[in-house]
Structure formats: C-alpha cells, structure tokens
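Here's the letter readout for the chains.
There are 2 protein chains.
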Amino acid sequence: MAAPTAQESAGLRSPALIPARPAVDTPVIGGTVGRLPLFDPAPRVPHGHPAKAFVGEVVPFDVVAFREGHDRIGVHLRLTDPAGNETLHRLTALADGTDRWRTQIALDRQGDWQYRFESFADDFATWAHDAAVKAEAGIDVTVMSQLGNALLTAAASETDRPDAERRMLKKAARALSTADADALHATAIDQRLASAFAARPHASLGSHTEWLTLRVDRELAGVSAWYEFFPRSEGAVRRKDGSVRSGTLRTAAKRLPAVADMGFDVIYLVPIHPIGTTNRKGRNNTLTTEPGDPGSPYAIGSADGGHDAIHPDLGTEKDFRAFVRAARTAGLEVALDLALQASPDHPWVTEHPEWFTTLPDGTIAYAENPPKKYQDIYPLNFDNDPAGIYAEMLRVVMHWVDLGVKIFRVDNPHTKPLQFWEWLIAEVGRRDPDVIFLAEAFTRPAVMRALAAIGFQQSYSYFTWRNTKTELEEFLTSVSHETSDYMRPNLFVNTHDILTEYLQFGGRAAYRIRACIAATAGPVWGVYAGYELIENVARPGSEENIDNEKYEYKFRDWDGAEQRGESLAPLLRRLNAIRHAHPALGQLRNLSMHWSDDDAVLVYSKHLDAAFTGTGTADTLIIVANVDPHSVRETTVHLDTRIWGIEPGDDYEVEDLLTGAVWTWNDHNYVRLDAFAEPVHILKVKERS
Amino acid sequence: MAAPTAQESAGLRSPALIPARPAVDTPVIGGTVGRLPLFDPAPRVPHGHPAKAFVGEVVPFDVVAFREGHDRIGVHLRLTDPAGNETLHRLTALADGTDRWRTQIALDRQGDWQYRFESFADDFATWAHDAAVKAEAGIDVTVMSQLGNALLTAAASETDRPDAERRMLKKAARALSTADADALHATAIDQRLASAFAARPHASLGSHTEWLTLRVDRELAGVSAWYEFFPRSEGAVRRKDGSVRSGTLRTAAKRLPAVADMGFDVIYLVPIHPIGTTNRKGRNNTLTTEPGDPGSPYAIGSADGGHDAIHPDLGTEKDFRAFVRAARTAGLEVALDLALQASPDHPWVTEHPEWFTTLPDGTIAYAENPPKKYQDIYPLNFDNDPAGIYAEMLRVVMHWVDLGVKIFRVDNPHTKPLQFWEWLIAEVGRRDPDVIFLAEAFTRPAVMRALAAIGFQQSYSYFTWRNTKTELEEFLTSVSHETSDYMRPNLFVNTHDILTEYLQFGGRAAYRIRACIAATAGPVWGVYAGYELIENVARPGSEENIDNEKYEYKFRDWDGAEQRGESLAPLLRRLNAIRHAHPALGQLRNLSMHWSDDDAVLVYSKHLDAAFTGTGTADTLIIVANVDPHSVRETTVHLDTRIWGIEPGDDYEVEDLLTGAVWTWNDHNYVRLDAFAEPVHILKVKERS
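As they're listed, the protein sequences go chains U and H. Remember, the working numbering sits 514 above the position in the first sequence when you count from 1. Remember, the working numbering sits 514 above the position in the second sequence when you count from 1.
A portion of the hints provided could be inaccurate.
The list treats identical chains as one, so a pair stands whether inside a single copy or across any two.
Cross-link-like lysine to aspartate or glutamate pairs, in silico, EDC-like; alpha carbons within 20 angstroms at most [what the hints assert, rightly or not]:
1) Lys887 with Asp925
2) Lys886 with Glu650
3) Lys887 with Glu650
Source of the hints: derived by calculation from the structure; they are not laboratory data.
Isolated chain U (complex conformation) (with noise of 0.2 angstroms):
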C-alpha cells in the first residue's frame, strides 16, 4: 500500500493502490464542466455499453485532465471492484501533449467493477516547484516560506494520515518559520514530502468524471487457444459396402486427450442436434442427396427434436455429459454451436408456426437470397412473437448450460436482430456470468463491432484474410488498440468454411507462419480439425474444403501423420506450450509494431512489465514473420527496444523459443527467415542479470 515511486508512475508499471480517502469535490457552477475538467475517460464503448476486460488482463486507464494556467494537478482512478471494496490509484500524464493521463491496473475479479476519474489541484506540487524555483533565485524566500507552513500545518491536521507523517509534517511546517532559503529549498525538495503527499495529496480543488462500468469476464473469455471439430468424424468407420457408421460421443471423447496434450483450452462441437430430412441438402452442398448422407448439421431439427435435443446417432444426453465429463478431466472446456435457425423438420414448425414466417398461400418462407433459395432452412421470424421465441431461445440456452455448457459459439448473429443478442446475453449473463458467447458474424465492420459491444464476449475477425505485412500490420493495430475496449477477436487460422487463398496456395509454410502468428499476436486463437494435416484443397473456384465435412464424414489419421513428420500437431503444441509459458501472449492490448525493411517481413513484440507477470520479471516477446509462403527473405528489422526498457543501442539476448537458437540483439537487427525451413522468429527477450 506505499505510494508510487517516481519511477513507477513514469512507466506506469504498478497498480500502485492508495488507500481510498474522499475526493474533494468543487461545486459546477451553472454548466456542465467541473472546475479541473476531466474529459474522454477509458476504457469505454462508443454506444455506452459497459467496456470489457478479463480477469488478468492489464488494462489501461486514461483520462484528458488539465487546467488553466500553470498550477499543478494531480489525477485518481477510483476503482470499486465487484465486492464493493473501493481503491484510489493515481495517474501519470502522458506528457505527449495530449493532455492525457493514465495508469494500468491488472483486473483480478470477474463482474463487474465501477470507476470514475477524479482531478485535483496539487497544492503541494505546486507549492514545491514554485518554492524551489525561488529560493534558488533568492527571491519571495518569505512569502513563500509561510505560505508552505500554512499548507504544511493544514495537511498536518489532516486525521486520516498516520501520526508518524503527521509529525513529519508538523516538523517541516515548523521549519520554514524562520524564512531561510536554504530551509525552504530543502523542504521544497524533500522526498519525504513528496512521497506523503502522492499518497495523501491536499487539495484545494477538485472535480470528476461520472461512474462508469468495466465488466471483466472469467479468464477463458479473453485467453484460450479453441479447437473445433465434427463429433460425428471422430471415430467413424467405414463399412465394406461403402456406407459409415457415425462417429458418436462416446467415440469423438476419445480424441479429446491429444486436443488437451496440444495445449487447446476449448473443445468447440459444431451442431449436435437432429438433422432434418426435408431438402437435405448432398456432399459439396449439393440439392441431391445419396442414401447414407449425413446432412449439414446446421439443418437442424428432425422428428427426433430440435435445438435442445442430441442427434441420435451421436449418442444421449447421458453420453453428452460423460463427454463434458471426459473433456473436463483432459483440462478443456466444450463449446457449443448455436445456430438458430429451423430445418423443415423441426418440431418448432409445428408447435410454434408463428416463430417463422407464414405466406399468403400457407407455406413457410425458406431461407432466401432471391432469387436463390435455400430449401433445407427456414429463418426465424423474431417479430411476430418475440416474447415468445426469446423465452425458448433462453431456455435453449440455459438447457445446455445445465449440461455442463458454458460457451456458445453464435452462428451468424448478423442474421438475428441485434436487440436480441443484447437481451439474451444479459439474461444468460444474470443467470450464470461463466458463460461466453463468440459471434461468428463475417460481415462489415459496423455490424461486427456492433454485436461486441452489445455483449458477444468473443467476436470472429478478418483475420484470415488479413495475409500480407501491410494488411496484418493494419489489422494486429486495430484489435489491439482500437477496438480492444470492447471487441476480443478470436484468431481462428481456418474454419470448416473458410480456407483462404494464402492457405489453399501456400502450402506448408503458408500453414506454420499463419498458426505462428494467430497463437502470438493475439490471446485468442483457434483452428478447426485437419489444419494439422495441412488439408488445403479447396472446391474449385471456392473459399472451402472440396469435400467439405459439413456434408459427410472425414475419416482422419492423426496419429499415423505424425508419426510419418507430416502432421503440424507438434507446431500447435509447442506454440500453445509457448503461450502457456509467457503471460505477455495472455494479454490483449500490450502489441506494439516494429518496423523491418522487407515488404513481406512482419515485426512485432509483446511485452509484459514485471509488475504483472507473477514472476517478478517483465516478459517480452519479439515475433518476426516472413509472411510471403514462397520465398527466402534477409533483411534488417528495427526495434522500439525501450518499450522493454533497453536504450537503443544496447545490447540484449534473445533466445528463439521454436529453435532453441540464442542471438545478441540490439535495435536494429538481421534476420534471414526461410519459409522452407523456419519462417518465423518467436524471440523472449532475456532478462539481464
């Protein structure tokens, strides 16, 4: 609970608590502005939805605070955590010319937490300068000398300092009552001082901001690596006459210990439920099917139930909880899909008729994009009864919950309307805040910045199409630093609906380098099955697997294809090992670009000071990619070395965490990265001793 050295506050490295004490508060007198104006406090949501952060995260405060003239003020964050216990913290200005002030604080209490900013005159500071200033100048020594014994006989009487600093100060006041301006430049300067006062400022004037809302999630919502798969193709065989027996449950839990020993946090199933028969739609979507097609497990609904129900082939509602049991006891996490819309075959089309739309001649629309239809999907209609269809969709919700779910990735939430993912969340939210949801919206940045901001605790990003330096350059500033109030990106490097040009093409360097940076650049990242085998074949013409498995089964050898040094799993587990190791990945906002001079050369570093890392030391990671799949590149990258306290010019080590190789590094540096062999550099900076 000491005050902030000064050293702290200009790096802004501690949380640095106070003990909370009253602000003072000067009356606003007629307007709006307080008297020391406070002005753009952050964290904060454009539309003034609650911000985000989770617990662990450091976040940043900041506020635009100053006033007129040239006396000194000072700036508190008051924090209230969700216990109601209240801190004070104070801020250091940027001085960058932007008026801006900010501290960092480690949130360490999922709900939610209140703050506000809080100005105020720091008469001590003010008083200390100006004093200074004159009794070197031999100038005032009189009036300055009083007017400090009558501050310092003020603070004196102040009755929530201990005695000891009382008497302290007491002790100074009384030596400045002889005007000697030795004495007053030695009380002007005096540490003692400086530092009760930073703890304890007296204050003549004050104002602050309106309580604002941070609410700070469990940890998985802002860090955990996601692995997503096909229940049905784990353990699927394939019978002597061609047709196949489902993978089940039971089966699928037996992949789940490899996903755990690859460092995944998060098991993410894709639809579960009954499939409909109605327009079931064939392999590579076409509108035939073959007997023995599995169907899109988005056409959900079938005479064996709907969103709440389990396919039978895949097993029970006993066999999904020994499932959870088993993902459990590996040390992941099951994640569901929630996809709302309706096969034909859907109970809801006949029990709930007014949940869809009805046309004139009696038929329910389909799904459309005229003239094009989708004959195996009925959209919900959310308005012609919403109290209604948000009960069920809560209910849904909260069935899988009671199982054992506490993540939902949310199919398309673009397609719904926005007012109901804000109430749902709320509601699931009030019933059990573990539970997060991750919206797969690929649409324009208004809409998906729009759907984080109103409660998706995960959002799906650009980034699989964000391939080149310039666009990953663009792309990595603006999750990290832009949006990261309120938006989480998680970096899937594919899906079973995406497989992007760069991967299709790019062979197996294209896959290393995209994992690289996805398990690095962000906190959360993810994959779906078969990247390890670097199944880049797309259907003609496409941005998806030829063969995609939403249509039939994939039958997959795992462990034969590492075996044979094919697969990337050994990758995956080493990057997720590396993440596990270095708290700096576990963070959101703490990127920084560097600069190299190679068009396809990518550099940049995450840095964690000491004060939050756990382990009494900073952790810094510099990532260098070669982002062109196809080439050999050297060049020279440049490093902002004094974000992790190294004056330019100095040397330092760093050891590449993939290769085990140990360099001597300065700011600016040679690299040769050969997408054949290595493409990426991820280097932890050593500590020096």
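Take the given structure of chain U and dock chain H to it, following the hints.
Just chain H now, kept in the frame of chain U:
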C-alpha cells in the same frame, strides 16, 4: 415538398423536405438497442455539448444504421427548427461499407434545433426488389403478387396520403390480383409507386435515436473577415517635440470606410480601457518606460476606471457609440477585446481584493511563471468568490453589449477556468443570442478543443504555424472535417503577437500566399493592421514585430503605400470580393484536398451544390498554391473532378479569379506558379451550358 428523386438522393444534393409523419416505434426489449439499430449520430460534440452550425451552413447529418439479413431499411432525419416546425428528411446510404447514411441540410434559422434519426423497415422496397427478381425468374409469382396486394392495400388505407395517391395505390393493388408475372414486374419497378413510398414509407418496424441539439448561430459567427487595429494609432500625430498625440475613437473611425472597402466585416479593437501606470511596460516590452509611452492596453485599469471604462485618450462613451454607429454605417461590426486581468491600478484591486490572490504579507500576487514575474498585471482568482466575480464579468460583458458590441475576442481564455467560460457564454447567450466569443487560445489541442466544445463560437487556430504543403493538408483537413461540428477556426494570417518566420523571411510572396489560403480555405479569416504593408521585421530572436504596437503608437501611410503600389490592400480587397461572390467560400465543411506532384504545391477545392447556392448553379473553386515563397514551381495537379460533377477525363473551363486567365482543364493539369508574380491560382469552375 416533393419526394427526393433518385438523382438528388444519390448526390445528397437536396434538403428534400417531406411532410412529417409519426415514426414507427418498435419496442426495445430489455436492453438499450432498438429493433433497427442506430449508432454514432452526427453532428455531435464528444462531451455532450450541443453541436454547432451557423445560418446558411450546409451540414451533413449522418448516422450508422443497419439491420440483420437482407431486408431493406430506410433512415429519416426528424428536424425541429427553433420555432418548433418539424420536418422529415430522407437519408441516403453512403454504400461504402460503413453502414453510414447521410443527408445535407442548409440551416436557415438561428437558434437551437433538435434532431433525431429514425430507422424503418422499408417494406415496399424489400417487396419491390424481391418481386422484380422473382418475376423475372418466373418463381413465386402468385405469392409475391398476394404479398404486394396486401402491402399496397394497407398503404392505400393510410389517411395521411393524398387522395390521388391512395387511388393510385388501390389501382396498383388491383393490378396484382391476377398473379401475372408481367403485371408483378411492372408494379415492382413502377417509379410512381417508388416515389410515393419514398415520401411516405410503409414501415412495419422502426427505431430512433435520442433527440440531440444543434445550436445555429447567426451567419457572422461562421462567415466573416476580421481586421484588427489599435485605435490609438489611427490618427495619432507626432508633435514637433517628438511627443505623440494619441489617436482617438473619432480619428480611428475615419479609417473604417477604408477597412470596409477592403471587404472586411468585423473591426476588432484591442482593449480600449484605461491603462495602469504602476510598473507600466516600455517599448519592446522593457521594464522601464520613457515619458509618453502609452503602455500595453492589456494592463487594464487605472484611476480612470476598469473594464467598463474607456481610456480618456480615446474618448468618451459617447465617442464609442459614435464609433459603433460609424462602423455599422460602413458595413462593419465592432469586436472588443475581453482580457480578464487587472493592472495594479484597477478599481477592482481596492474594491474587491477577494478577486485576487492575497499573499501572507498582505500584497496581491503578480502574474508569474516562476521565477519570472509580470509586475504590470494581477491575475484574477476565480475561486475565492466565484459568485461575485462571475456576476461582475457578466455585468462587464453586458455593459458593452448594451453599447452595441456583439463580438468579443477573448484574450487567453485558457488561463481562466473552463467552467467560467461555459457559464459566461451561456448566460450572455440567454440575454442576447447574437453575441459571438472568439477564443484566443494558443495552447494544447485538448484545451483548444474543449474551449470550442463548451461554447466559444470561434477559435484562433494553429494556422499561422502551418506553412508547408504537408502541414496545411493535415491542418485544413482537420478543421474542415474532424472538429467542424463544434470548432470554427478563425484563420488570422498575423496578429499583434504573431509574426512567424515564414512571414519574416518569405517576403512579399509569403504575404500573398498566406492571404490567399486564409481567405479561401475557411469561411472566417483575419488580418492585423500592417499586413498590407508587409511589416515583416521581428524583434530579433522573437516571433513578433519589432517595436510592437502593444507598447507604442504606429504611424502608417496607408494611401501612400497603395499609390506607390506597395500595399497588399488591392489583393485583400480582391480576396474579400471573391469571398462575397462565391457561396462555396462561405462554408467550412466543403473543403476537399487534391494532389500535385510537387512538394510545395497545395491543391484544394471548395464546392457547393446547386441546391444550396441560391443561384441555381453549383459553385466550385479550385485553389492551387505554391507555398514555397522563394521559388517558381511547375507541376501537374490531379483532381477528383467528380466532386463537381465532372467525369474523370472530361474537359471543363476554369477562370483564374485573380488574373482573369481562362484555361481548359480536366483531371490532370499542368500548372506553373511563380512566387514572385502570381503564386496562387483561385480558379472558378465554369458551369457548362
């Protein structure tokens, strides 16, 4: 009152008033987001203060609006003018991936306007799009005809539609009763129906933003040319013994017709109050005075009175009234300096010592920046007796308002509390909404922007220090587009305190270039007397004129200089005439940057659509300036001619309004700009007949 045509909507060219009808208001369920979300309405000031415009300003109103899925939406602006008249305006989707919609409105009435945005499901547009596509494909003809029949029949029953329109809608509904593909297609693309629904949509769902306020000031707040002078210099006479007889308000008034003849709108007087004698500053800001030194008019107050008094050398209140009348007769408005500080001789010092800071030794604190002291000035202390000092400042301002002054140039507002200005400007505005305050704050961006946001109607800017092409591009874009909702820059080319190096060393060309840019880049500009005479000698090492007029009388031979061809008065006269003839120059937000291949050739245009010029034709000016005053530059300029409705590659004529030269231009044009002859083109795009 006709509906907007497609062309008008596409070009955002028309205010397109349509009769107001109530909004469809779909309930918000649980949360805060509407059924058809609306975000980020503009114009808007970051801190919640009213946005600003001026009478005649063309303001873009825009908002982010979208809905889930493919169905069409529309967006309205509902606008209530200060008299309570409500209008509805249709917005156009920018269709640039931002989900932003926009319309432009010319605000024609002073006072507070209220506005909100309303989104609605555009049911006819959705139906018409789908029906046209399906009719062509020959699918769903019966169902689409039935849906269309129902929609048209429902719309025909809406009693606020004109009878003829209702008959047309009924007839169109009947045409769909046969379920014929041709009839369906014809109805779907019927332009009369489209127009009817554009004016009065048939909407099943709708949402709206909160009401926001836009404060519209009188035109002079947004469009004016200022001329600053020291009245004591105008008509001052040096006697044979070397002493000076001060100019007076009567002699200064003789200069007014010449100032008006140069086309200026505002005559700004530095403080005209009694000047203190205690510690009076001498020439060139020296601490010792010579007999006859008049002192700085900013050291306000003597035995002759304070801020509500007139310096005896200048005349009486009666003389001041005569000066105001003379200005009005010449077509000028008087602006007074409001410098809230006191000389030691100010009546406030004895009558209200509580308005200053009294030190322990009983003396009043001088203005200082330790160890520097300004012993001719006592700064006010706004915290000892806020009620008393606020009331006195309001009294002083209203005293001058009662004498006919409606414009105040506020000296150093950033050295007084921000909340004081918020209060004062609001109180004065309540008493007289015509009063305009110009903030003379040259400080950090956050402070300058806050002063504008809380109420100042005009602001000095960084213009004097933005001289290179790159600096000007950034500066002009910022003031025209980033801060234009609340900050109106007054582009003074010089002041009695600012003589930049660019002017000191750029010769006559520098003076010409800066005047041409200031007069055309923004709708408010200003000069300090002497600019015409190229008074470009600085006090060595400083950024202000040698023998600063603040401390002495100036004797200038205006007419002689003009007769000898040395004066820039003809250029200033020409620039102001161009401003008066071209409404595009009377707007702040209509500046577009263009490009040249030369690093000193700045290119921008000002364009106003025909709907807003009052002449029936658009007004477009292209300004091309060689900002290197020491060179001749030849280069190619590249223009986005679509802004003025000309396709890239098409020819059009331009006329140089400074020289009368006429050229045929397209989107890439050769220019030669000789700093020593004509460094700037001000080109009028000629309308094609």
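Lysine 886 and glutamate 650: within-copy, between-copy, both or neither at 20 angstroms Cα: between (84 angstroms within a copy, 13 angstroms between copies)
Copy assignment of lysine 887 with aspartate 925, given that the CA separation must stay at most 20 angstroms: Within. Shortest intra-copy distance 19 angstroms satisfies the 20 angstroms Cα cut-off; inter-copy 69 angstroms does not.
Same-copy or cross-copy closeness of lysine 887 to glutamate 650 [CA-CA at most 20 angstroms]: This pair counts as between: shortest inter-copy Cα distance 15 angstroms, intra-copy 85 angstroms.
Checked against the numbered hints above, the structure breaks none of them.
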